[in-house]
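Q: Take a look at the letters that make up each chain.
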Amino acid sequence: MAVDYDNIAIRNRARLDWDATFPHSFSCDLFLSIGNELKDPDIEGMKKEMKEPGETYEFFFHHENRKIYTKICLSPDEQDIIIYSAHPPLKGEEL
Amino acid sequence: MKSLKERATREIVEVKISIPTQDGSGVAETIKIKVSALRDPQSGEIFLTGDALKTIDKTKARYMGLLLPTEIRELRERLGMTQQKMSRLLRIGDKTYTRWENGRERPSQSMNLLLTALWDGRLDVSYLIHQKRPSDGLHHYLFHNYGYEPVLIKIKSKEWENNEDETLAATA
Numbered sequence: 001m002a003v004d005y006d007n008i009a010i011r012n013r014a015r016l017d018w019d020a021t022f023p024h025s026f027s028c029d030l031f032l033s034i035g036n037e038l039k040d041p042d043i044e045g046m047k048k049e050m051k052e053p054g055e056t057y058e059f060f061f062h063h064e065n066r067k068i069y070t071k072i073c074l075s076p077d078e079q080d081i082i083i084y085s086a087h088p089p090l091k092g093e094e095l
Numbered sequence: 096m097k098s099l100k101e102r103a104t105r106e107i108v109e110v111k112i113s114i115p116t117q118d119g120s121g122v123a124e125t126i127k128i129k130v131s132a133l134r135d136p137q138s139g140e141i142f143l144t145g146d147a148l149k150t151i152d153k154t155k156a157r158y159m160g161l162l163l164p165t166e167i168r169e170l171r172e173r174l175g176m177t178q179q180k181m182s183r184l185l186r187i188g189d190k191t192y193t194r195w196e197n198g199r200e201r202p203s204q205s206m207n208l209l210l211t212a213l214w215d216g217r218l219d220v221s222y223l224i225h226q227k228r229p230s231d232g233l234h235h236y237l238f239h240n241y242g243y244e245p246v247l248i249k250i251k252s253k254e255w256e257n258n259e260d261e262t263l264a265a266t267a
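If you read the sequences in order, they're chains A and R. Using the numbering used here, you'd call the opening residue of the first sequence number 1 and step up by one each time. Using the numbering used here, you'd call the opening residue of the second sequence number 96 and step up by one each time.
Because the hints were derived from the structure by calculation, they are not lab data. We put the beta carbon where it would ideally sit given N, CA and C, even for glycine. Careful, some of the hints might be misleading.
Stated by the list, open to error - According to the in silico footprint, chain A covers these stretches of chain R (three or more CB under 8 Å from chain A):
#: 1; region: 106 to 112
#: 2; region: 115 to 125
#: 3; region: 132 to 144
#: 4; region: 149 to 159
Please model the entire structure based on the sequences and the hints provided.
A: Listed below in structure tokens is the structure:
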């Protein structure tokens, strides 16, 4: 799977958090790691109510053996993703 | 409520990029570049999309002296080679180049130096093609005359090794 930047929007705050956590990584690494986690049939997340149209979920994914919290929104047509957060857990290990 | 893409306004913003230290554990410096971004009128938040993210990643990669996965694929396409041929050319595992293109693995610093030289046109691919393996004249011969058949080479080499073993065993 090649990295596709075109259907992704990331909140700048989330990108800065990712950059600070993994200074040697790129945005494409973030997309790839989230994508890999979403392929896991046992993935567990929590649905969040947001004003943004579509469905928003928060869940954990792993990158370089670290657990990272993320919150993403899938657009109603399931074509676009907005990444709101991508940082180490701040409120414990549970969602 | 309209979607982010529908309600946001586009503007030029300055973003920070962390450039890592040599060992990758910390931040050596922070640079700033200007990119086109979306501003959400509801929250005032800045969101970065396709082209801006590509520009940010490419800028960071340049500072780190790296090629991005998309550039690694572009390099191969520019040279008109398959992933397998690139792997053979660079003497790496058959799937390694594929993993670099997918972003699942990153080339080592020394290999990245080689890729960057190819990317910048400072190293001619024919130079690499003409690098003959010391133990394998067959590779060289097939590369030039038949367009390189790695599977065939592997089978032939194996057969040769097996035959040699048998010959040695018979002699002993």
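Q: Now tell me if each hint is right for this structure.
A: Structure-based check of each hint:
no.	hint	result
1	106 to 112	holds (count 4)
2	115 to 125	holds (count 6)
3	132 to 144	holds (count 8)
4	149 to 159	holds (count 6)
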